[in-house]
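> Sequence:
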Amino acid sequence: MTRRYLRLLRVHPCPLDRRRGRLVAGSMVLPCALGRSGITRAKREGDGASPVGIFPLLQGFYRADHGPRPRSGLRLRPIGPRDGWSDDPADRRYNRPVPLPCPTGHEILWREDHLYDIVIDIAWNRGPIRRGRGSAIFLHLARPGFEPTAGCVAVEPAKARRLLERIGPETRIEIVG
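The working numbering numbers the first residue of the sequence shown as 258 and each following residue consecutively.
One or more of the hints may lead you astray.
To be verified - Cβ-Cβ distance ranges computed for the label pairs, FRET-style:
no., residue 1, residue 2, range
1, 293, 389, 12 to 20 Å
2, 339, 298, 29 to 37 Å
3, 368, 303, 26 to 34 Å
Quick caveat, the hints were computed from the structure, so don't treat them as lab data. Yeah, the Cβ is synthetic: ideal placement off N, Cα and C, and Gly gets one too.
Please model the complete structure; the sequences and the hints are all you need to start from.
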């Protein structure tokens, strides 16, 4: 039997708090955290905003030491202590995975705060990559109270695995402006 995955996840900002929203995935409606600056059509590195647009979901990562491999139609791989993501516009590997230690600016994927126990790579600024236009835009786990992100979309940990089961290789995410 072929599994049917959602074609589109849609993120709507909250009219009362631009740093929060709701993610609609078929019949699931999940509260989510957005960037500390809300959403933007003119994304820049370090601006704290989530980018407006429709993007593929490229791949997923998970902490195998914090739970079993999530079920998903998306390609998933375990995160290790040496996994990072370049967020330095001067680095030739900008907005791509990098091994740690890394001499340039980077995100550490093996986090102690559990935000990246499950993380999905949103294809923002990926083809072609434009330096300084923003990097490491992910769908990941939310902090308690849905505190804002640095530009990502974050959902509550208890719902993330159910959401992943609905995501496949053709699924897109739309962040509505």
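> Indicate, hint by hint, whether the structure satisfies it.
Hint-by-hint comparison with the structure:
1. 293 - 389: 12 to 20 Å: holds, 19 Å
2. 339 - 298: 29 to 37 Å: Since the Cβ atoms of residue 339 and residue 298 sit about 35 Å apart, the hinted range of 29 to 37 Å holds.
3. 368 - 303: 26 to 34 Å: With a Cβ separation near 19 Å, residue 368 and residue 303 fall outside 26 to 34 Å, so the hint is violated.
This entry does not satisfy hint 3, going by the numbered hints stated previously; all others are met.
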